[in-house]
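For reference, the chains in residue letters:
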Amino acid sequence: MTMLRQIVIVSLLGLRTLRRRLWQSLVIVVGMACVTGVLLSMLSMAEGMHQAALNYGDPRAAIVVSRATIFENQSAIPRDQARIILNAPGIARASDGSPLSDTSAMTFLPVEMSRNDAQGFIILRSFGKEGQALRPTFHMVAGRMFRPGTHELIAGVKAPFQFKGMALGDKVILPDGEWPIVGTFATGDLLDAQLVGDTETVMQSIRHKAYTTITARLASPSAFAAFRTALTTNPLLAVDVMRLPDWNAMTSADTSAFFHLAIYGIGVILAIGALFGCFNTMYAAVESRSNEIATLRALGYGGFAIAVSILLEAAILSVAGGLIGASIAWTLFDGVQSGFGSDVFTLIVSPAMIATAILWAIAVALLGGILPSIQAARWTVSDALRAR
Amino acid sequence: MKYLPLVWAALRRKPIRTLVTFLSVTAAFTLFGLMIGLNDTFHKLQERAPANRIWTVGRFGDRALPIAVAHRIARIPGIKRVSVMSYLQGYVGDPKNIAGALMADDVYGDIFTDQLTPEGWESIRRDHTSVTMSRQQAEHFHLKVGDTYTLIAPQSVKADGSNVWTFKVGHISEDVPQVPNGMIAGSYDYYDRSMPLAQQGTIAEVDFIVADPAKAAALSQQIDRLFANSAHPTHTTPEKALFAVNNFFGGMDVGALTHGIAIIGLLMILFLIGNVIAQSVRERRAEFAALKTIGFSDAKLIALVAIEAALPCIAGAVCGVLIAAALSDQLPKVMPRTFGIPPPVMSPAVYMSALVSACLLALVSTALPALRLRRQDIAAVLSGRA
Numbered sequence: 001m002t003m004l005r006q007i008v009i010v011s012l013l014g015l016r017t018l019r020r021r022l023w024q025s026l027v028i029v030v031g032m033a034c035v036t037g038v039l040l041s042m043l044s045m046a047e048g049m050h051q052a053a054l055n056y057g058d059p060r061a062a063i064v065v066s067r068a069t070i071f072e073n074q075s076a077i078p079r080d081q082a083r084i085i086l087n088a089p090g091i092a093r094a095s096d097g098s099p100l101s102d103t104s105a106m107t108f109l110p111v112e113m114s115r116n117d118a119q120g121f122i123i124l125r126s127f128g129k130e131g132q133a134l135r136p137t138f139h140m141v142a143g144r145m146f147r148p149g150t151h152e153l154i155a156g157v158k159a160p161f162q163f164k165g166m167a168l169g170d171k172v173i174l175p176d177g178e179w180p181i182v183g184t185f186a187t188g189d190l191l192d193a194q195l196v197g198d199t200e201t202v203m204q205s206i207r208h209k210a211y212t213t214i215t216a217r218l219a220s221p222s223a224f225a226a227f228r229t230a231l232t233t234n235p236l237l238a239v240d241v242m243r244l245p246d247w248n249a250m251t252s253a254d255t256s257a258f259f260h261l262a263i264y265g266i267g268v269i270l271a272i273g274a275l276f277g278c279f280n281t282m283y284a285a286v287e288s289r290s291n292e293i294a295t296l297r298a299l300g301y302g303g304f305a306i307a308v309s310i311l312l313e314a315a316i317l318s319v320a321g322g323l324i325g326a327s328i329a330w331t332l333f334d335g336v337q338s339g340f341g342s343d344v345f346t347l348i349v350s351p352a353m354i355a356t357a358i359l360w361a362i363a364v365a366l367l368g369g370i371l372p373s374i375q376a377a378r379w380t381v382s383d384a385l386r387a388r
Numbered sequence: 001m002k003y004l005p006l007v008w009a010a011l012r013r014k015p016i017r018t019l020v021t022f023l024s025v026t027a028a029f030t031l032f033g034l035m036i037g038l039n040d041t042f043h044k045l046q047e048r049a050p051a052n053r054i055w056t057v058g059r060f061g062d063r064a065l066p067i068a069v070a071h072r073i074a075r076i077p078g079i080k081r082v083s084v085m086s087y088l089q090g091y092v093g094d095p096k097n098i099a100g101a102l103m104a105d106d107v108y109g110d111i112f113t114d115q116l117t118p119e120g121w122e123s124i125r126r127d128h129t130s131v132t133m134s135r136q137q138a139e140h141f142h143l144k145v146g147d148t149y150t151l152i153a154p155q156s157v158k159a160d161g162s163n164v165w166t167f168k169v170g171h172i173s174e175d176v177p178q179v180p181n182g183m184i185a186g187s188y189d190y191y192d193r194s195m196p197l198a199q200q201g202t203i204a205e206v207d208f209i210v211a212d213p214a215k216a217a218a219l220s221q222q223i224d225r226l227f228a229n230s231a232h233p234t235h236t237t238p239e240k241a242l243f244a245v246n247n248f249f250g251g252m253d254v255g256a257l258t259h260g261i262a263i264i265g266l267l268m269i270l271f272l273i274g275n276v277i278a279q280s281v282r283e284r285r286a287e288f289a290a291l292k293t294i295g296f297s298d299a300k301l302i303a304l305v306a307i308e309a310a311l312p313c314i315a316g317a318v319c320g321v322l323i324a325a326a327l328s329d330q331l332p333k334v335m336p337r338t339f340g341i342p343p344p345v346m347s348p349a350v351y352m353s354a355l356v357s358a359c360l361l362a363l364v365s366t367a368l369p370a371l372r373l374r375r376q377d378i379a380a381v382l383s384g385r386a
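As given, the protein sequences belong to chains W and H, one line each in that order. Note that this note's numbering has the first sequence beginning at 1, numbered continuously upward. Note that this note's numbering has the second sequence beginning at 1, numbered continuously upward.
Wrong hints could be hidden among the right ones.
In silico contact screen, one side only, chain H against chain W (beta carbon under 7 Å); selected entries [claimed, not checked]:
hint : residue
1    : Tyr87
2    : Gly90
3    : Gly93
4    : Asn275
Where chain W lies over chain H, by a calculated footprint (3+ residues, C-beta under 8 Å) [said to hold, decoys possible]:
hint : segment
5    : 12-20
6    : 54-62
7    : 197-210
8    : 266-272
9    : 332-338
Hints listed in this document are in silico derivations from the structure and should not be mistaken for laboratory results. Built from N, CA and C at the ideal position, the CB exists for glycine as well.
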């Protein structure tokens, strides 16, 4: 109890004299604000992109791709194989008893990016008969649905954010001429930055002889095993079957790993810089307070209490900086729409991410403050008085 | 020069403080080096992309263009050399261990002299059943020259009904920034003859050289118009446009991103150095007053302080960029296999901009203490009143 009291008293005394060391102390605050600000700003993008990739499509769905493909556009499922897959066991049924499974073609269309003149690629995807039913969140926002069999497309609401010429009424040039965008839709996921048309019509136009993927809603989560076994053991098929969330996780894993590597790399280097700044500040603080510390020691306060109070001061300054950095990142980026390549997503600065950043700030403060605090604790009264 | 001992003494007054300043500057310049180096590398890639090289692929991801497309392109006036290639995609052993090979014809190596070494290309020309690979790929698959590379390519079933492709590793070359994830190349001729008759004569890409680089864009458009309404529409891009800096990274502004991060790092330590210098000047007020008394001008004193600030900055800048170079060398080893960036290269330009930034940092951080130094009242300081 007395130890705790000592710590409280010594810490309060330290904080009261903080004003005299204002500029020095700001080194820690500014340093940590930079570290957490940069870390969270960059993470907001990586997290936003990663979450969007994971939450793409209906989690009840399973996806069928040709064997050993790791990118969707590499997959090709011939028509004869598709017929078997569409009616495989384990697929949920629509009210008319037909299986809730659908063929899709997918390709990248070269287009101009909206914010600079860079060449970008929008995803052109297609719906078959059940395409809409397999996406429960799909709804038209403006215009109307494309008519199957005609050269019409619909565009996601976020497509114009990333690409030029993708708004309602614009025309997309395909080999069969100009395809008007007759409607705008929203699903709330990555599909919102894509173009959608009718499977058979689109395939004819882009000269695809095989479907790209087949998606099916599972009758129940446990139906997956039966569905997969039926397809992977059939010698007529050469396909891989995955739950859609697993496929999403697999296809986004490397991109996500790359961004996390880059961001935490940058974060660690910045944190090392801030750590030395913290060390320097606390070292100077201990020196400038040597009189005070000597007096405290003479009055019988323990070295431990003094050490803890120094660490506490470093931590408080660091957390203050961390909170400033976090609030800047949160204000600037949380909920902001952003795009990378073909994808449009929302940047995220979540409370959990802020907590992680604050933990970084505390860790830096403790690492940077430990040596100065040990030095302060070791001082005898005479040492401290002489240090002046 | 004769004042160097004076600066040295100032730096040694608080060795720990000098060391810590140096270390934090080093950290900031490690980041600076990586960021500016990366930006520099992206720009170099575009600069180095030959202006006369053009790539044609299937417009809608068609990887089975008829080879006639290449023959037709070769007949267009102004086109010098034409090569074709295809891909094998699959895995080695475990389906998760993705692998592939670029199957290039005998001309390809003459056009892409920058992707692999001439010896590498020569090795697959000499032995069509072999592959040549970059070091990164060889290390990943634990292969050396003479080993067998066994690739399972489910979508490329050979005429004999098998999808297992075996190659002898004929040559291994060093990695280049153009191909951040490394590459493996085999012979198109061998690939084509192994495929079933119905699928022979198909290609994934036509790559060619034009006589006049100024016409690259016009020729590209001409080619795409030519095939626009055929059974195989094409998408043709001059390599300079393909490697445009902003195309590279998802359409993001690489320059703004890298400079932004580098500058934040510098601002962070600017605050630190400013404080250290201010502190150091404050502690030595009497010393400076004495120097003024014996005839040192204000300018000279300020110069001394600026040099005192600049030394750890410059040392830190050089060390930081050196560390950045060492880190970049390790980058290919930790980068994910299907998403990568070219490792930053620390060119002399990066060192130069680091040095300039370090000097600026020192000058700016000296500014405030310098003002205080000028206003200093010698008598007051020496008598202990200030």
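Under 8 Å between beta-carbons, do enough residues of the segment 12-20 of chain H, three at least, approach chain W for the coverage claim to hold?
With 3 residues closer than 8 Å to chain W, the segment 12-20 of chain H meets the three-residue bar; holds.
At least three residues with a C-beta closer than 8 Å to a C-beta of chain W: is that true for the segment 266-272 of chain H?
holds (count 5)
Are there three or more residues in the segment 54-62 of chain H whose C-beta lies closer than 8 Å to some C-beta of chain W?
As far as the segment 54-62 of chain H goes, the hint holds, because 4 residues have Cβ atoms under 8 Å from chain W.
Under 7 Å, Cβ to Cβ, is where glycine 93 (chain H) needs to be relative to chain W, so tell me if that hint holds or is violated.
violated (12 Å)
Can glycine 90 (chain H) be said to touch chain W, with a Cβ gap under 7 Å?
The hint holds - glycine 90 (chain H) has a Cβ within 7 Å of chain W, the shortest such distance being about 5 Å.
Quick one, is the tyrosine 87 (chain H) hint okay against chain W at 7 Å, beta carbons?
With a closest approach of 9 Å, the tyrosine 87 (chain H) hint is violated.
Would you settle whether the hint for asparagine 275 (chain H) is holds or violated, based on the nearest Cβ-Cβ distance to chain W being less than 7 Å?
holds (5 Å)
Do three or more residues of the segment 197-210 of chain H come closer than 8 Å to chain W, measuring C-beta to C-beta?
n = 0 at 8 Å, threshold three: violated.
State whether the coverage of the segment 332-338 of chain H by chain W holds or is violated, taking the criterion as 3 or more residues with Cβ-Cβ distances under 8 Å.
Per the Cβ count (5), the hint holds.
When the structure is compared with the earlier hints, violations turn up for hints 1, 3 and 7 and for no others.
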